[in-house]
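Undergrad: Given next are the chains, with one letter for each unit.
There are 2 protein chains.
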Amino acid sequence: MAERFISERNLKFLLYGVFDAESLTRHPYFEQYDRKMFDMVLKAATELAEGLLQPNCQEMDRNPPELAGDQVKVHPSVRAMMKEFGMGGWIGATVPEGMGGEQLPHLVADNCYFIFAAANYSACAYAVLSAGVIHLLESFGSKELIDIYVPKILSGEWQGTMALTEPEAGSSLADITTMAEPADEGYYKIQGQKILISAGDHDAVENVVHLMLAKIKGAPPGVKGISLFVVPKKRIDKDRKLVPNDVVTSGIFHKLGYRGCPIVQLSMGDKNDCRGYLVGEPHNGLKYMFQMMNEERIAVGMGATAIASAAYYASLDYCKKRRQGRKVSEKDPARPQIPIIEHADVKRMLLFQRAVIEGSLSLLMQCSKYVDLQKVSSGVEKEQYNLLLEILTPVAKTYPSEMGILSISQGLQCFGGSGYCDDYPLEQYYRDARIHPIHEGTTGIQGIDLLGRKVLMKNGKALKLYVEEVQQTIASANDIPELKPYAEALEKALERLQNVTKHLLEVASRESAEMFLADATLYLEFFAVISIAWQWLLQGIYVQKGLKNNPTDSEADFLQGKFYTLRFFFAYELPKIKGLEERLRNTDGLTVEMEPDHFSD
Amino acid sequence: MAERFISERNLKFLLYGVFDAESLTRHPYFEQYDRKMFDMVLKAATELAEGLLQPNCQEMDRNPPELAGDQVKVHPSVRAMMKEFGMGGWIGATVPEGMGGEQLPHLVADNCYFIFAAANYSACAYAVLSAGVIHLLESFGSKELIDIYVPKILSGEWQGTMALTEPEAGSSLADITTMAEPADEGYYKIQGQKILISAGDHDAVENVVHLMLAKIKGAPPGVKGISLFVVPKKRIDKDRKLVPNDVVTSGIFHKLGYRGCPIVQLSMGDKNDCRGYLVGEPHNGLKYMFQMMNEERIAVGMGATAIASAAYYASLDYCKKRRQGRKVSEKDPARPQIPIIEHADVKRMLLFQRAVIEGSLSLLMQCSKYVDLQKVSSGVEKEQYNLLLEILTPVAKTYPSEMGILSISQGLQCFGGSGYCDDYPLEQYYRDARIHPIHEGTTGIQGIDLLGRKVLMKNGKALKLYVEEVQQTIASANDIPELKPYAEALEKALERLQNVTKHLLEVASRESAEMFLADATLYLEFFAVISIAWQWLLQGIYVQKGLKNNPTDSEADFLQGKFYTLRFFFAYELPKIKGLEERLRNTDGLTVEMEPDHFSD
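Protein sequence lines, in the order shown, are assigned to chains W and S.
Numbering that gives the first Met the number 0 applies: residue 0 is where the first sequence begins, and numbers increase by one.
Numbering that gives the first Met the number 0 applies: residue 0 is where the second sequence begins, and numbers increase by one.
These are computed hints drawn from the structure, not numbers from a lab.
Glycine residues also receive a C-beta, built at the ideal position from the N, C-alpha and C atoms.
Not one of these hints is a red herring.
Straight-line Cα separation of at most 35 angstroms, DSBU-like style, residue types lysine-lysine; simulated pairs:
1) K270(S) x K286(S)
2) K319(S) x K216(W)
3) K223(S) x K326(W)
4) K463(S) x K286(S)
5) K463(W) x K381(W)
6) K457(S) x K501(S)
7) K575(W) x K501(S)
8) K216(W) x K330(S)
9) K286(W) x K240(W)
10) K286(S) x K320(W)
11) K270(S) x K240(S)
12) K330(S) x K457(W)
13) K577(W) x K575(S)
14) K326(W) x K577(S)
15) K319(W) x K216(S)
16) K223(W) x K326(S)
17) K575(W) x K483(S)
18) K330(S) x K501(W)
19) K330(W) x K319(W)
20) K544(W) x K320(W)
21) K501(W) x K491(S)
22) K501(S) x K577(W)
23) K575(S) x K460(W)
24) K491(S) x K483(W)
With the C-beta cut set under 7 angstroms, the calculated list includes, among others, these residues of chain S facing chain W:
25) G221
26) L255
27) I340
28) Y419
29) I434
Make the full structure from the sequences, and use the hints.
TA: Right, here's the structure in full:
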């Protein structure tokens with residue numbers, strides 16, 4: 000039997016309780032669905048995860064992709080997975096029915112991706128990348144591009160990717176040098192190099208379709224000169240046959256983890272025969288790409304949470320079974336050893352994991368719901384959901400990524416020496432998860448995005464809306480006696496957030512942008528801890544409702560456990576904002592003024 | 000040329016400046032040494048590290064030990080290393096000359112181990128384990144045992160190990176079941192299993208000598224019934240030949256990192272022919288073993304700091320060379336990209352690493368100096384150094400281990416996607432370092448050791464002595480205007496430490512031991528942050544002296560950089576104690592009262 004990697008009960012608690020997925024079906028766009036159908040979708044996702052994804056997770060890690068000639072060979076199970084992702088409607092889960100998709104709410108579809116990623120993160124990445132490509136073509140691609148590419152990617156026959164990074168342009172996309180020269184026939188000739196492209200080539204599909212950033216010859220410098228192209232590995236010739244498109248896989252990266260999915264280097268136009276097809280208008284490429292990037296950022300947060308979830312359930316299982324030591328107060332060594340889950344410090348390590356995972360998942364579902372509500376609303380309302388998403392995206396990407404690593408590390412620690420050995424899956428999870436603070440924009444980039452862009456955008460409107468959302472939760476929680484102390488703590492924390500933000504905005508107007516953004520990463524951490532506290536308080540409301548609603552014993556245990564975890568977050572994690580606030584208020588410019596030479600010795 | 004993995008300048012700043020190694024040579028025990036000789040020793044260590052250890056570091060990781068039949072085969076370079084460790088006097092560095100050692104101060108010898116571990120942690124482990132075995136035999140072994148085993152281990156021909164852990168007894172040593180039955184001939188027949196034994200078998204030596212915990216038949220239960228034995232893989236028969244001693248390597252563990260050194264499972268007495276030789280008195284084994292364990296705990300802290308040092312210099316090098324992006328205030332994308340070391344957030348990541356590494360190294364040297372002073376002193380003074388060592392050992396083991404992981408993670412982050420790939424050494428360091436919070440007593444065990452044993456010992460005398468040491472540094476720093484703000488901050492922090500400790504002792508007397516120790520791990524973290532702040536202030540005194548003493552430009556850069564790092568620690572790291580204090584004062588018993596069932600769902 001497969002090891003447990005998620006909690007179905009927690010998932011449904013969030014989906015139907017906290018985020019009321021059923022309410023979405025009142026909107027015409029989702030009216031074909033009901034709760035029963037959602038349940039069936041989740042069940043199907045779980046079956047795929049348990050039956051195919053999880054059983055190959057370790058196998059794929061131990062037999063990583065290799066480059067044979069110029070073809071990347073991946074684990075044979077990936078072919079079956081691509082088929083399932085396609086035929087099962089998973090790649091097109093949120094794609095409109097008119098385009099061949101399932102038109103599911105993101106709230107439900109993202110939960111399925113969560114299940115997939117918890118079972119096998121690398122496997123899930125193939126599907127999520129393909130889905131992102133379709134969504135982007137749906138938004139900005141011509142009918143012709145859609146007709147050619149969407150059905151094949153949707154079915155899992157072709158792989159979709161995003162191709163941004165170059166040797167000299169990682170965090171600084173302004174500096175890409177891949178060139179596109181217009182040809183008379185309506186396409187562009189592409190020439191350049193891309194590196195670190197996930198799923199950038201593999202033999203489980205017939206073709207790979209890159210959404211690629213490049214500069215049209217003569218374009219303005221910097222980000223304003225970036226355009227977006229579809230660049231397939233194989234293009235369709237006049238006879239409707241697939242022929243090579245001069246995209247060569249010139250290298251493969253050997254990685255710490257995430258080994259089930261290849262990351263490759265691509266070389267385009269070595270023979271001057273690589274064709275790219277413009278998406279949308281010239282020079283607007285980065286703007287378009289941001290749709291996919293934002294979607295992938297949320298997916299990264301989800302992936303990080305998912306791996307942490309698998310690590311948590313593995314460690315929980317171990318802590319229940321493993322007997323070691325006795326209660327501190329037990330002096331008789333002749334008494335039997337106790338399961339380590341009875342030790343306070345072990346409970347602390349488990350609670351830490353649960354607090355991070357269930358708090359993160361809640362925030363991610365909050366984002367998914369905003370995506371859905373944005374889709375079915377219009378005007379001011381639509382803009383509001385959009386702004387809430389904008390401000391929460393760097394948080395939902397980064398908190399799970401950074402804290403997921405620590406969560407998994409605590410899971411590993413629960414195993415002691417066994418956690419360090421590959422008899423247990425923890426060491427793999429520990430390696431897999433380390434990618435998340437890096438890809439789709441590093442933590443440093445996310446910090447600058449939050450403080451330097453999102454907090455300032457539309458004159459602070461996104462932040463204002465966010466504060467209102469949190470205040471609404473505080474108001475509801477204040478009516479529940481068991482939650483009052485936590486509502487008050489969050490209220491104070493929210494005030495701290497507003498005051499620290501005000502202080503930093505004063506720094507921005509008084510001093511340099513450099514000074515303003517020097518500790519943006521810490522600001523993001525500060526903001527994120529408060530956001531997760533918000534999500535715990537929100538969950539608390541439904542916990543208390545549930546406890547008052549005649550729960551079964553097992554439900555009561557779950558809800559009590561959730562309440563302990565809420566208390567844990569407020570008692571162990573929220574206090575961290577104090578130290579962060581002290582630093583954020585101390586704008587001494589230490590890291591601005593220090594010279595590179597001071598690092599020499 | 001070898002990559003840089005340590006800072007010689009920093010090492011000498013600490014060794015000769017802060018800790019005044021020369022002063023030790025005034026004691027008769029060390030009078031044969033002078034600074035010039037210390038320098039030669041360090042130079043020889045560096046040559047060995049650069050010439051043999053570091054060039055094989057990656058190789059040993061990629062070709063890990065394997066069990067062939069019942070013999071573990073390690074990388075061929077290990078044989079040369081064992082020879083060098085032996086012939087160069089490194090295994091016997093601190094062993095008295097009368098026993099064939101070098102009689103070096105620990106302060107100097109530990110620095111050599113630091114250099115070795117930074118070059119190749121796995122390699123260093125072989126030598127450190129052998130050294131620990133010799134030290135323990137020196138203290139508690141009979142002349143006969145010493146005569147047989149010490150010369151061979153000293154020369155690197157035989158390997159020494161510590162064999163404690165069993166399948167059902169890891170953190171709970173009270174529960175070991177390996178049995179020793181007295182035989183008439185003066186030895187014991189050993190029967191049992193040991194797991195996770197570092198360097199427990201390999202083909203780079205002729206023989207492996209285990210210091211093994213076992214229970215003599217009929218011994219009292221628990222830790223009071225544990226005895227210590229020498230159990231060699233091969234024993235010397237009547238003809239003075241090495242013959243098998245019925246110690247079989249029954250398994251090898253495949254590990255996340257630390258792959259250059261085997262960790263094995265041993266089976267003793269399958270043929271009822273395994274002989275063990277008692278060390279010291281029966282039933283006192285754990286007490287004896289603690290000498291070696293404490294020594295190895297300091298060595299673990301040193302190893303963690305060393306790997307973090309190698310990671311830091313690799314990331315520093317990368318940050319100086321890698322060009323990416325422009326200053327936040329630079330709007331012209333046509334300007335060239337800048338080295339990433341010029342970005343404030345990158346400087347923050349580098350400063351974090353440096354603060355952890357140089358702070359940890361300073362604390363470790365502080366401990367080494369206590370070891371030396373304890374050796375050359377007597378009476379009350381000796382006891383004082385001993386108590387200071389006792390209270391600092393869990394701190395010096397844990398802070399570098401836990402923070403070393405985060406430090407290396409930040410180093411990896413500096414590389415972006417490249418850090419995740421094995422073209423750079425960061426991914427290996429990230430894997431290697433994860434062992435440290437686990438072996439030689441997990442972080443949880445260290446927390447309980449600090450709060451439940453060391454803080455209480457001799458009626459709080461160890462803590463009192465520690466506080467006095469810190470206060471002495473504060474007093475000296477208070478006389479230096481540049482350090483006054485930091486001296487004041489540390490003074491306040493020290494008061495917090497005393498008050499929190501008092502609060503916890505009240506909990507101990509008012510409530511259960513369980514409640515008292517529930518957050519011992521957090522108490523250790525709290526204690527450790529303050530200890531590292533102490534070491535930074537102590538370094539600050541010598542920084543300011545150095546700056547006033549006509550430094551060269553390059554010395555001034557180093558010292559200014561150190562002062563920035565001191566400021567960084569006080570501005571970014573010390574504030575973390577606020578959140579920790581809030582939790583430590585909130586003794587709500589959350590993790591004590593929560594039931595295992597609350598984790599179900």
